[in-house]
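Chemist: Listed below are the residues making up each chain.
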Amino acid sequence: MFDIFNVPANIRFKDFDKKVYHLDNETYQLRYPILKTSDIKNIILEIKQNRLEYLSQLPISNVITIIDQAITRWTDPSYPQRQLALKLLPVITDYDAETIKLEIKRFIRLFRKKELFRFIENELPQSEILDDFHPQRSGSMVKAFGPEATFQVFSGNIPGLQIWSLIMTTLVKSASLGKTSFSEPLFPVLFTQTIAEIDPQLANCMAIIPWHGGTVSLERIATENTEATIVYGSNKTVQSIRPLVPMSKIFLHYGYKISFSMIGKEALTADLYTQTIKQAVEDVAIYDQQSCLSTQAIFVENHGVITPIMVAKMIAAELANYQTKRKRASLTIEQSSAINRERTKYQLENINGVSVQVFTSTQNTDWTVVYHASPGFSSSPLNRFVHVFQIDHLEDVNQYLKPYQAYLQSCAMAVSPTRLFTLANQLGEIGINRVSALGEITRAKPGWHHDGHFNLLDLLHFIDVEPNAEQMSEKYDPDVE
Amino acid sequence: MLLQNKVALITGSSRGIGAATAEKFAAEGAFVIINYLINTVAANDLVEKIRCAGGQAVAIQADVCDLENVHSMMATIKDEFNGLDIVVNNALKHYSFNPKTRKTAELIGWSNYQDQLDGSVKGTFNICHEALPLMTLQNWGRIINISSNLVKFPLIPYHDYVTAKAALIGYTRSLAAEVGHLGVQVNAIAPGLTYPTDSSTDTQNDVREKIIRMTPTGRLTIPTDIAGTATFLASNLANNVTGQCICVDGGLVMQ
Amino acid sequence: MVKETQIMQQEILKYILDHKVSFSGDIKKQDKLFNRVALDLFDYQFHNNLPFKRYAQSQRKTPLVIKKWQDIPLMPIQGYKQLTLATTKIYDGEAVFLSSGTTDPNHRSHNYHPNFDIWDASMKFPFKQYVLPDRDEITILGLFPDETINPNSSLSRYVSKAIQFFGDTNSQTFVNKTGIEFYKVIKSLKQAEKEQRPVMLLGASFSYVHLLDFLKKHELQFNLPAGSRLFDTGGFKGLSRTITEQKLFQSIKNAFNIDRNQYINMYGMTEISSQCYDETLYDVYHRQQISYYKKFPAWVRVRILNPNTLQPVPDGQKGIVAYYDLANWHSCLAILTEDLGIKHGESFELLGRIGGAESKGCSIAIDQLLSVNQ
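Sequence lines, in order, name chains D, F and A.
Quick note: the first sequence uses this note's numbering, first residue 1, plus one each step.
Quick note: the second sequence uses this note's numbering, first residue 1, plus one each step.
Quick note: the third sequence uses this note's numbering, first residue 1, plus one each step.
Calculated from the structure, these hints are not laboratory results.
No residue lacks a Cβ here, since even glycine has one placed at the ideal position from N, Cα and C.
Any given hint could turn out to be false.
With a cut-off of at most 20 angstroms between alpha-carbon atoms, the simulated DMTMM-like pairs for lysine to aspartate or glutamate come out as follows [to be verified]:
1) A:LYS53 with F:GLU80
2) A:LYS61 with F:ASP79
3) D:LYS345 with A:ASP339
4) A:LYS53 with F:ASP79
5) A:LYS61 with A:ASP71
6) A:LYS61 with F:GLU80
7) A:LYS67 with F:GLU48
Estimated spans, in silico, between C-beta atoms of each pair [stated by the list, open to error]:
8) A:GLN164 with D:GLN363: 39 to 47 angstroms
9) D:ASN62 with A:ARG353: 54 to 62 angstroms
10) F:VAL241 with D:LYS87: 32 to 40 angstroms
Using the sequences and the hints, build the whole thing.
Modeler: Okay, structure coming up:
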């Protein structure tokens, strides 16, 4: 029996429900409270009060140190919470256990002390303005304030990703109410437990609880009683929460996104191509494309030693290898059918003389590569289904990306230095907000402007004390001469 | 069945090792393409024999040394089967394994070498070159080249033949190294003296007996022995085996 | 030997006429015969329809290698939208059924019918067996447009034929271009009620939603005589309002005095040429244990496949419906539907359409993108 919620010590629940999972003849019961609107209200009151008494006065350097200590615990392979996470997450999410292990290890290191400084310095002139008034170039004295409490709606697609948001809100000294998804309710609970081990008072400013998304009564209370709401997930989720947030309050959302890759001919020489293919496949296979950072389509440039069609075939073969190494998660009927439907569509196009070719795993939906002999763009039904578009010059991509502009996010690139910034500039024009190396697309770096926005600034408000106020106050100093 | 619904092309399979392999593949559920050069009657008889046994086969004439011939054979295969899973490069230029009449190092000319290189390596190259695009479409393919144990143990130095069969092993390994990424495995079989076949009928009894005395299993190799190893290499039993050469010679050569 | 078009049709027609009543006679012998006709038909379709041939080839399933009907390549519904599937040259004015195209308005399924000999035979016998086991004719009140209004709808033709073959003189359809003529329906229902003459309402699921709404609004109720029945096709799932099954049967009972056991649902679609029915009425009439599952005619087979592997799932498990229909001689006999079903022995249960897939997070899946852009 394990509780997939973590709330301040004073909060008690009466009724519980549970989810049951089986692993190697062991049964795990994950317990969670059945919530009433009054519960949410009480939790928010409690975390706000705790914040007022503690977090709001805690110097930012202490906040950073506590988070860093928590992260350090998670870098220890024998740390019980980490072991529990690595044991249970594959069962809960059905993702390959080794993928989870590797990716959690990588991900957790994004939040070490030095990286947290990167996050802050990237957006604020100095971290201390979160503690006190500091002079700015303009002459004013400025202090930054975060929301009293932030309601965070987490998605369940990527294990652990929830703590990105949780850490950002803590850095701005906001109390956190995190609503987890039942697809992955575990990691933030374990992480807040770590915080509690180090500093129970800080942990008392956080509450993590799962409930079924779309429970309007709970979500309304949560948005109305907090000062900011952050939503991760599908547009459906975003659209269900947005109307609940009062106009005067902060509403941030990270909704639908599509990412893609570009392979230049210079990465397709006889000596480099095998490595290039491997990297291209990493971007598709890790977390089965469920991350918005994952590649859904790959542009492959002509005139390399290896032709785009060969690249498609080799990506297919590499996906087959990947399946023997790290299995894809099992799918719902809807997901398998979506893959079959898309495969069929292109197979039929091929019969009709359209120059597309479909490479698939045999007798299952494990992986699919659709090769397009003429350039274009298409999104994928996910779960290791990737499009490969042949293109004469990568510089021509914008025209194909344009219709999808609203959804584009990351691009993984394997191109020569002379082209990198030209292409990045061009992609920036149509809204792409991140360029990574091929093979690294699923691993965003500290300080990345998530979906092109700020991590901290968007949560903050500032107070400027103008020089004249200062000067005037000096006058009232009884001791001044 | 090990080769259910696989499409297999066996070159030079109207008789001998090729024919035995074709029969075995068909018995394991493969659709077999009997390629031959001259012997239409034997090829058709084999097709008939396979069909009578409940298998499936067709015969296609093509000179494997002629790229255009090979190209049109592959076009037929693509049209009929929309794919090719297994290739056994078994065809060879006629060679008489007669220790008495073999050409010595002094007498042999380059043209003899050229003939054997053409028969073994060029024929195999032509077939592989045309088969690979079909195999890579499905990310699965098995190529089996027939070499000889004489490469490792030239008991009787048939210079031109041994040189060509040695080149074939180099070709096998090099190709395996490149196309492994594409789901295609390339392996070789090195038979010992296989008897009876048309090529080995000239090998005298005393030579055969001498080989038998040296062979741990105490017998010569027969065509179905080769067919068995070929079936293994063609099937999923040999998953992740590539660039290898398996001697099927009763242990005469051990490595 | 590839059979000629006429011979092929004769072979199928003979099979249908020899097996008018499904699940009767020597089943083993029937299975063997079904297999033979199916393979003949596959051979015929393979050689007379180039797009189908190419599709079969792309699946590496050709008459050379296919020996069992279960191995015949399944044409996805999408094929009827993207390909021209016809084994004879399409002539000017040839009848064609189009799907309503609600899911993908740009592409509608096309199923061509150079003649209706087989279609009609395929419609008639199972209708008798499962819809009217107890009588030869009935007053049919059609709530779906007939073929004069909707010549490209297979369901409209079905409604017209039902009335022609099995309707008495009081039978008619009540749909004009603007919709259901509620007042005429009510008049006919009143008449039947008065004369104590059993009627069969025949319509698509959404027709009933509208009719029931109308009756409720006008506080109308009918006490139809025993033997009356309600025939429905389509599905109430996925309609603008989701109604629980129980509620639906309750409102049918309230509105018409028609019991659950007098309700029959038909499974058919544009892309096929036969229908499957609930065995409920058949069971009631033959005084057997009542089942609400569906049965198929002798010239049809239904398999339920795992959507991941497209291999059959065990009885009782959910999967995709694969439909094998000898009556579909002119296009493809094996169809991969987009419906979910469960096999229960020789019957099957229909669960409705497979929905779109959603990703768990911010990564947008193509199904979602489509719905966003719509």
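Chemist: Hinted pair, alpha-carbon criterion (20 angstroms max): LYS67 of chain A, GLU48 of chain F. Please report holds or violated.
Modeler: holds, 19 angstroms
Chemist: Taking the CB of GLN164 of chain A and the CB of GLN363 of chain D, does the distance hold inside 39 to 47 angstroms?
Modeler: Roughly 46 angstroms apart at Cβ, these two residues keep to the hinted range, so it holds.
Chemist: For LYS61 of chain A and ASP71 of chain A, compute the direct alpha-carbon distance and say whether it is at most 20 angstroms.
Modeler: holds, 8 angstroms
Chemist: Given the hinted pair LYS61 of chain A and GLU80 of chain F, is their alpha-carbon gap at most 20 angstroms?
Modeler: Holds, at about 11 angstroms.
Chemist: Taken at face value, is the distance from the CA of GLU80 of chain F to the CA of LYS53 of chain A at most 20 angstroms?
Modeler: holds, 11 angstroms
Chemist: A range of 32 to 40 angstroms was offered for this pair. Does it hold for the Cβ distance of VAL241 of chain F and LYS87 of chain D?
Modeler: At 35 angstroms between Cβs, range holds.
Chemist: Under the criterion that the straight-line Cα-Cα distance not exceed 20 angstroms, is the pair LYS61 of chain A, ASP79 of chain F satisfied?
Modeler: holds, 13 angstroms
Chemist: Is the hinted range of 54 to 62 angstroms satisfied by the C-beta distance from ASN62 of chain D to ARG353 of chain A?
Modeler: Check passed, 56 angstroms falls within 54 to 62 angstroms.
Chemist: Does the alpha-carbon distance linking LYS345 of chain D and ASP339 of chain A stay inside the 20 angstroms limit?
Modeler: Between LYS345 of chain D and ASP339 of chain A the Cα gap is close to 17 angstroms, so the pair holds against 20 angstroms.
Chemist: Tell me if the straight-line CA distance from LYS53 of chain A to ASP79 of chain F falls inside 20 angstroms.
Modeler: holds, 11 angstroms
Hint violations for this structure: none, all hints satisfied.
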